[in-house]
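Take any residue in the sequence shown, count from 1 to its spot, add 70: that is its number in this note's numbering.
Because the hints were derived from the structure by calculation, they are not lab data. From the three backbone atoms N, C-alpha and C, an ideal C-beta is built for every residue, glycine too. Each hint should be verified, as a subset may be incorrect.
[As the list claims (entries may be wrong)] In the SDA-like style, the derived pairs of lysine to any residue whose C-alpha atoms are separated by at most 25 angstroms in a straight line are: (1) Lys206 with Leu244; (2) Lys188 with Met136; (3) Lys249 with Asn174.
[Stated by the list, open to error] Have a look at the derived ranges for each label pair, beta carbon to beta carbon: (4) Gly119 with Asp216: 11 to 21 angstroms; (5) Asn166 with Gly87: 18 to 28 angstroms; (6) Gly135 with Glu195: 38 to 48 angstroms; (7) Pro121 with Asp220: 50 to 60 angstroms; (8) Met136 with Glu73: 28 to 38 angstroms; (9) Ser106 with Glu180: 37 to 47 angstroms; (10) Glu72 with Pro176: 52 to 62 angstroms; (11) Ser120 with Asn174: 21 to 31 angstroms; (12) Pro177 with Asp80: 38 to 48 angstroms; (13) Glu74 with Pro177: 53 to 63 angstroms; (14) Gly135 with Lys223: 47 to 57 angstroms; (15) Gly161 with Glu196: 29 to 39 angstroms; (16) Ser218 with Lys249: 45 to 55 angstroms.
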Amino acid sequence: MEEEIDFIIDSTREAMGKAITHLEKKLVNIRAGKASPSMVGSVMVDYYGSPTPLNQVANVNTPDGMTITIQPWEKNLIPEIEKGIHHANLGFNPMNNGESVIINVPPLTEERRRDLAKQAKAEAEEAKIGVRNDRKNANNEIKDLDISEDLKKNLEIDVQTMTDKHIAKIEEILARKEKEIMTV
Numbered sequence: 071m072e073e074e075i076d077f078i079i080d081s082t083r084e085a086m087g088k089a090i091t092h093l094e095k096k097l098v099n100i101r102a103g104k105a106s107p108s109m110v111g112s113v114m115v116d117y118y119g120s121p122t123p124l125n126q127v128a129n130v131n132t133p134d135g136m137t138i139t140i141q142p143w144e145k146n147l148i149p150e151i152e153k154g155i156h157h158a159n160l161g162f163n164p165m166n167n168g169e170s171v172i173i174n175v176p177p178l179t180e181e182r183r184r185d186l187a188k189q190a191k192a193e194a195e196e197a198k199i200g201v202r203n204d205r206k207n208a209n210n211e212i213k214d215l216d217i218s219e220d221l222k223k224n225l226e227i228d229v230q231t232m233t234d235k236h237i238a239k240i241e242e243i244l245a246r247k248e249k250e251i252m253t254v
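Starting from the given sequences, assemble the full structure and let the hints guide the process.
The following block contains the structure:
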């Protein structure tokens, strides 16, 4: 019985942790105005017929806060890289100089910053919903256990404490991202 309880608690903790990891990955794609290689992290390039992540066919650098340079390992990939950036729908206009692809990252307007902050808030809300669903699943599993009511109540309190910690972590991550977005 104790193994079953440990399994419920551990799997719930793991699921809640995955919600936070997923949120962090989503927030990396919300740009805060300063150029970063992670901005093109979701770009896929057609590499000899198979979709390949951009960072596996080119070096991605940021020489300054407003520019991303992409140096492909094979020059014939430049058109494919440009196509991949357009398909990723990131709002960037890539230029090529025959050697590499250059993206100028425009500064964010106040309105765009607010939109990005709303987007970050929506992603955080999704993560909170995921954590709450994990709590609900754990509580349902606890109710089905053949143990005393007191032990069930204690386990539900443990799950709630775990939920509160994960929600607080999500709030902390969101606050950090909002500050990053709104800082000019």
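Checked hints:
1. Lys206 with Leu244: Judged against 25 angstroms, a Cα distance of about 23 angstroms means the pair holds.
2. Lys188 with Met136: holds (23 angstroms)
3. Lys249 with Asn174: With Cα atoms ~23 angstroms apart, Lys249 and Asn174 stay inside 25 angstroms; holds.
4. Gly119 with Asp216: 11 to 21 angstroms: violated (56 angstroms)
5. Asn166 with Gly87: 18 to 28 angstroms: violated (41 angstroms)
6. Gly135 with Glu195: 38 to 48 angstroms: violated (30 angstroms)
7. Pro121 with Asp220: 50 to 60 angstroms: Check passed, 54 angstroms falls within 50 to 60 angstroms.
8. Met136 with Glu73: 28 to 38 angstroms: violated (55 angstroms)
9. Ser106 with Glu180: 37 to 47 angstroms: violated (21 angstroms)
10. Glu72 with Pro176: 52 to 62 angstroms: holds (58 angstroms)
11. Ser120 with Asn174: 21 to 31 angstroms: Distance hint for Ser120, Asn174 holds at roughly 30 angstroms.
12. Pro177 with Asp80: 38 to 48 angstroms: With a Cβ separation near 46 angstroms, Pro177 and Asp80 satisfy 38 to 48 angstroms, so the hint holds.
13. Glu74 with Pro177: 53 to 63 angstroms: holds (55 angstroms)
14. Gly135 with Lys223: 47 to 57 angstroms: holds (53 angstroms)
15. Gly161 with Glu196: 29 to 39 angstroms: Since Gly161 and Glu196 have Cβ atoms about 22 angstroms apart, the given range 29 to 39 angstroms is violated.
16. Ser218 with Lys249: 45 to 55 angstroms: holds (47 angstroms)
The structure is inconsistent with the numbered hints 4, 5, 6, 8, 9, 15, although it conforms to all the rest.
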